[in-house]
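*Asks:* Based on the hints, put chain B with the ligands in the right spot on chain A.
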Amino acid sequence: MKQVVVHPEKCVGCMQCMTACATAHSVSLSLFSATQEKPLPKPRIHIGASLYGRGFPNRCRHCDPAPCLLACLPGAIYRKPATATVLINPDLCINCASCAMACPFGVIRYHEDNWAPPGKTVAIKCDNCISRQAVGLVPACVEMCKSGALTFEPVAEAQNRKTREITQTIWPEPVTVATGKFDGFELLQAIKKSQHNLATAC
Amino acid sequence: MNHVIIGNGIAGIQAAETIRYLDPTAFITLFAAESHPPYCRPMISLMLEGRISSDRLAIRNPHFYDDLQIRSIAGAYVTSIDVDAHAVTIDDHEPIFFDRLLIATGADPRTMKIPGHALNNIFPMRTVSHVENMLTDISTARHALVLGGGLVGFKAAYGLMRRNIPVTMLIRSEYPLSMQVDDIAGGMILDRLKANGLTVRTGIDALAFEGDSRVREAHLSDGSVLACDRVIVGKGVQPAVGFIPKDRIPVDLGVLVNTNMETGIPGIYAAGDVAECIDRVRQCPWINAIWPEAAMQGRVAGMNMAGRTVSYPGSLGRNVIRIFDLDVMTAGLINPEPDDGYQIYSRIEPRLPVYRKFVLKDNRLLGFILINRIETGGRLVSLIQRQFPLSASEMGILKTL
Ligand SMILES: Cc1cc2nc3c(=O)[nH]c(=O)nc-3n(C[C@H](O)[C@H](O)[C@H](O)COP(=O)(O)OP(=O)(O)OC[C@H]3O[C@@H](n4cnc5c(N)ncnc54)[C@H](O)[C@@H]3O)c2cc1C
Ligand code: SF4
Ligand code: SF4
Numbered sequence: 001m002k003q004v005v006v007h008p009e010k011c012v013g014c015m016q017c018m019t020a021c022a023t024a025h026s027v028s029l030s031l032f033s034a035t036q037e038k039p040l041p042k043p044r045i046h047i048g049a050s051l052y053g054r055g056f057p058n059r060c061r062h063c064d065p066a067p068c069l070l071a072c073l074p075g076a077i078y079r080k081p082a083t084a085t086v087l088i089n090p091d092l093c094i095n096c097a098s099c100a101m102a103c104p105f106g107v108i109r110y111h112e113d114n115w116a117p118p119g120k121t122v123a124i125k126c127d128n129c130i131s132r133q134a135v136g137l138v139p140a141c142v143e144m145c146k147s148g149a150l151t152f153e154p155v156a157e158a159q160n161r162k163t164r165e166i167t168q169t170i171w172p173e174p175v176t177v178a179t180g181k182f183d184g185f186e187l188l189q190a191i192k193k194s195q196h197n198l199a200t201a202c
Numbered sequence: 001m002n003h004v005i006i007g008n009g010i011a012g013i014q015a016a017e018t019i020r021y022l023d024p025t026a027f028i029t030l031f032a033a034e035s036h037p038p039y040c041r042p043m044i045s046l047m048l049e050g051r052i053s054s055d056r057l058a059i060r061n062p063h064f065y066d067d068l069q070i071r072s073i074a075g076a077y078v079t080s081i082d083v084d085a086h087a088v089t090i091d092d093h094e095p096i097f098f099d100r101l102l103i104a105t106g107a108d109p110r111t112m113k114i115p116g117h118a119l120n121n122i123f124p125m126r127t128v129s130h131v132e133n134m135l136t137d138i139s140t141a142r143h144a145l146v147l148g149g150g151l152v153g154f155k156a157a158y159g160l161m162r163r164n165i166p167v168t169m170l171i172r173s174e175y176p177l178s179m180q181v182d183d184i185a186g187g188m189i190l191d192r193l194k195a196n197g198l199t200v201r202t203g204i205d206a207l208a209f210e211g212d213s214r215v216r217e218a219h220l221s222d223g224s225v226l227a228c229d230r231v232i233v234g235k236g237v238q239p240a241v242g243f244i245p246k247d248r249i250p251v252d253l254g255v256l257v258n259t260n261m262e263t264g265i266p267g268i269y270a271a272g273d274v275a276e277c278i279d280r281v282r283q284c285p286w287i288n289a290i291w292p293e294a295a296m297q298g299r300v301a302g303m304n305m306a307g308r309t310v311s312y313p314g315s316l317g318r319n320v321i322r323i324f325d326l327d328v329m330t331a332g333l334i335n336p337e338p339d340d341g342y343q344i345y346s347r348i349e350p351r352l353p354v355y356r357k358f359v360l361k362d363n364r365l366l367g368f369i370l371i372n373r374i375e376t377g378g379r380l381v382s383l384i385q386r387q388f389p390l391s392a393s394e395m396g397i398l399k400t401l
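Protein chains in written order, with the working numbering: chain A, 1 to 202; chain B, 1 to 401.
Chain A with its partners taken away, still in its complex shape (with noise of 0.2 angstroms):
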């Protein structure tokens, strides 16, 4: 099953993911009108300052087990096996915010939506655009990034495919390993390089 994956060593920090998810929950679906409408539409991806002091793509990871499902007092939150995807039922929601306080990413927000009963405050978060991925469309905000800090893909593969990146980089060709009495040193010196490496390849 396809995933949002997020690649935060790629996120240049634009923000258009933002705007396309808003977009993408809108009424109009078209960034103009979009805002103009009330409520007006909101992102459910945050983009915060990571560790590599750049942007950080923050949604839902969708857990399995999930915090929120679990904390959440009325049972609203929810989740849809076939997409993976742990949602929220705007007409359940209390709006207590407990989720808030179970969520270890602090990815939920607490607004009007045009997808509540109207004049309504409640829980809203990434909902992985099941509505578009039921229509054939990947998630609005993998189809704006440009730089590939968000695909879609299983995460089965996406793990493999890091795995072999950081191989090469750790040892792009076979590595000889000097015979005598500084075997230890030049491994070292190997090692060192490949941390080079990687650290300035993120």
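Among the hints, a few may not be true.
[Claimed, not checked] Derived Cβ-Cβ restraints for the label pairs, each shown as a range:
no.	chain 1	residue 1	chain 2	residue 2	range
1	B	Thr89	A	Pro65	29 to 39 angstroms
2	A	Arg61	B	Ile138	40 to 50 angstroms
3	B	Ile138	A	Lys120	22 to 32 angstroms
4	A	Leu40	B	Asp191	25 to 35 angstroms
5	B	Tyr345	A	Pro65	29 to 39 angstroms
6	B	Pro250	A	Ile166	48 to 58 angstroms
7	B	Asn363	A	Ala190	31 to 41 angstroms
8	B	Ser346	A	Arg54	26 to 36 angstroms
[What the hints assert, rightly or not] For lysine to any residue, the following SDA-like pairs were computed, each having C-alpha atoms within a straight-line distance of at most 20 angstroms:
no.	chain 1	residue 1	chain 2	residue 2
9	A	Lys80	A	Leu137
10	A	Lys80	B	Arg60
11	A	Lys120	B	Arg51
12	A	Lys120	B	Leu326
13	A	Lys80	B	Tyr21
14	A	Lys80	B	Ile59
15	A	Lys120	B	Glu49
16	A	Lys120	B	Arg322
17	A	Lys120	B	Asp327
18	B	Lys399	A	Arg54
19	A	Lys42	B	Arg373
20	A	Lys120	B	Ser45
21	B	Lys361	B	Gln387
22	B	Lys113	B	Glu210
23	A	Lys120	B	Phe324
24	A	Lys120	B	Asn372
25	A	Lys120	B	Ile321
26	B	Lys399	A	Gly48
27	A	Lys162	A	Pro8
28	A	Lys120	B	Ile323
29	A	Lys193	A	Thr169
30	B	Lys399	A	Phe56
31	A	Lys120	B	Asp325
32	B	Lys399	A	Ala49
33	A	Lys120	B	Met47
34	A	Lys80	B	Asn61
35	A	Lys146	A	Cys14
Everything labelled a hint here was simulated from the structure, so no lab data went into it. A quick note: this is a predicted structure, and the numbers were derived from the prediction, not measured. For each residue, glycine too, the CB sits at the ideal point set by N, CA and C.
*Replies:* Just chain B with the ligands, lined up with the frame of chain A:
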């Protein structure tokens, strides 16, 4: 394997579900003193507020017990446990035998044994029936008195105010929610409640109630008399341990459990408001009587009962409350003893208003208070639960939050 669970609160229900998930053939019997199907206890205050009706309280579908093949015995109050015979008894009933027992009986509201305490219209607030009783002829209420400024007293007062009923709240400390917040946050909460019409009297208590059959007035410790036609007693709760043989099963305030939620007797477990386990930040036995802990403890107990050894790192007190337009989130240690090596960082922006307080020791986060802008507070909860020293960038989060 024959499992018996006492109590169908969230702890008991989570345990039953977990056992069934891990062992499709286990025999599960669940005793419930309340005859209501499993419901969300914290939401009864929304019923008082008038925001929801009782049919919105259910936390499982009506066929839940049948679907999971759980024998549920509703309206049955377990009166004793025979530790040697591995059996529980209910009045006038054959003993029921168990291989594994879970005590998930929650807590009972503390009562006030003062003159007139048995008059009509004096209510505790713990169960859906309590709130249903409060709501009969609520439209005739003229003045309500709430005793206690803890979470339940506060929620009762808030619910009544939302119904435009004048409320007086008596609290012993200087501000409400004194277990959850510090004086600064408490002051902000108090101001907000007063601005919305609540009368708060601090350092004072009721000594007696008077009335014919219904309560009419309360006599207070400062000698004054207060007219009231409804009283809600929010004097805290006590773990429901009355039926437990304390000479056999070690009980402090609650039933003492180890990290597997097992009591001093192998095969007998406890979870939820009734259980006393290690507090993560205090590192001593403690009861954090909150919903998410009861849920998690029930799951852990269920796993261990079903034979999967899982340990529980201890409980963490935490709360999130919305008070009119003020949002409050707190967790862990927020009022530590002074001079004990704690690092305290706080910040207040009175105009917004925003307030932050972080309590650390050796760079480990032990507790926090957030007033407003609480959306990402869950990150702080996970930092407390992790208990590693915070890195420089994580310290940075505290400053920008
Ligand atoms: C008004 C109110 C508001 C609250 N708000 C919040 C909140 O906002 N956030 C939060 O985290 N927590 C809140 N709480 C606390 C929360 O409800 C409890 O922590 C939680 O319900 C505990 O669950 P439990 O399963 O341990 O016990 P309980 O829910 O108390 O369930 C125990 C059950 O066992 C039954 N029982 C007891 N003795 C026996 C016996 N001998 N035999 C058979 N059955 C027995 C009881 O009748 C009861 O039904 C609130 C509580 C109240 C009352
Ligand atoms: S909202 Fe937070 S806790 Fe819930 S599934 Fe998403 S990331 Fe996980
Ligand atoms: S705010 Fe809504 S979704 Fe979040 S825990 Fe409360 S009811 Fe559930």
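*Asks:* None of the hints should be skipped; say for each whether it holds.
*Replies:* Cross-check of the supplied hints:
no.: 1; hint: Thr89/B <-> Pro65/A: 29 to 39 angstroms; verdict: holds, 36 angstroms
no.: 2; hint: Arg61/A <-> Ile138/B: 40 to 50 angstroms; verdict: holds, 44 angstroms
no.: 3; hint: Ile138/B <-> Lys120/A: 22 to 32 angstroms; verdict: holds, 24 angstroms
no.: 4; hint: Leu40/A <-> Asp191/B: 25 to 35 angstroms; verdict: holds, 31 angstroms
no.: 5; hint: Tyr345/B <-> Pro65/A: 29 to 39 angstroms; verdict: holds, 33 angstroms
no.: 6; hint: Pro250/B <-> Ile166/A: 48 to 58 angstroms; verdict: holds, 52 angstroms
no.: 7; hint: Asn363/B <-> Ala190/A: 31 to 41 angstroms; verdict: holds, 35 angstroms
no.: 8; hint: Ser346/B <-> Arg54/A: 26 to 36 angstroms; verdict: holds, 30 angstroms
no.: 9; hint: Lys80/A <-> Leu137/A; verdict: holds, 18 angstroms
no.: 10; hint: Lys80/A <-> Arg60/B; verdict: holds, 17 angstroms
no.: 11; hint: Lys120/A <-> Arg51/B; verdict: holds, 12 angstroms
no.: 12; hint: Lys120/A <-> Leu326/B; verdict: holds, 17 angstroms
no.: 13; hint: Lys80/A <-> Tyr21/B; verdict: holds, 19 angstroms
no.: 14; hint: Lys80/A <-> Ile59/B; verdict: holds, 18 angstroms
no.: 15; hint: Lys120/A <-> Glu49/B; verdict: holds, 16 angstroms
no.: 16; hint: Lys120/A <-> Arg322/B; verdict: holds, 15 angstroms
no.: 17; hint: Lys120/A <-> Asp327/B; verdict: holds, 17 angstroms
no.: 18; hint: Lys399/B <-> Arg54/A; verdict: holds, 18 angstroms
no.: 19; hint: Lys42/A <-> Arg373/B; verdict: holds, 17 angstroms
no.: 20; hint: Lys120/A <-> Ser45/B; verdict: holds, 19 angstroms
no.: 21; hint: Lys361/B <-> Gln387/B; verdict: holds, 10 angstroms
no.: 22; hint: Lys113/B <-> Glu210/B; verdict: holds, 14 angstroms
no.: 23; hint: Lys120/A <-> Phe324/B; verdict: holds, 15 angstroms
no.: 24; hint: Lys120/A <-> Asn372/B; verdict: holds, 19 angstroms
no.: 25; hint: Lys120/A <-> Ile321/B; verdict: holds, 18 angstroms
no.: 26; hint: Lys399/B <-> Gly48/A; verdict: holds, 14 angstroms
no.: 27; hint: Lys162/A <-> Pro8/A; verdict: holds, 13 angstroms
no.: 28; hint: Lys120/A <-> Ile323/B; verdict: holds, 16 angstroms
no.: 29; hint: Lys193/A <-> Thr169/A; verdict: holds, 10 angstroms
no.: 30; hint: Lys399/B <-> Phe56/A; verdict: holds, 18 angstroms
no.: 31; hint: Lys120/A <-> Asp325/B; verdict: holds, 14 angstroms
no.: 32; hint: Lys399/B <-> Ala49/A; verdict: holds, 13 angstroms
no.: 33; hint: Lys120/A <-> Met47/B; verdict: holds, 18 angstroms
no.: 34; hint: Lys80/A <-> Asn61/B; verdict: holds, 18 angstroms
no.: 35; hint: Lys146/A <-> Cys14/A; verdict: holds, 10 angstroms
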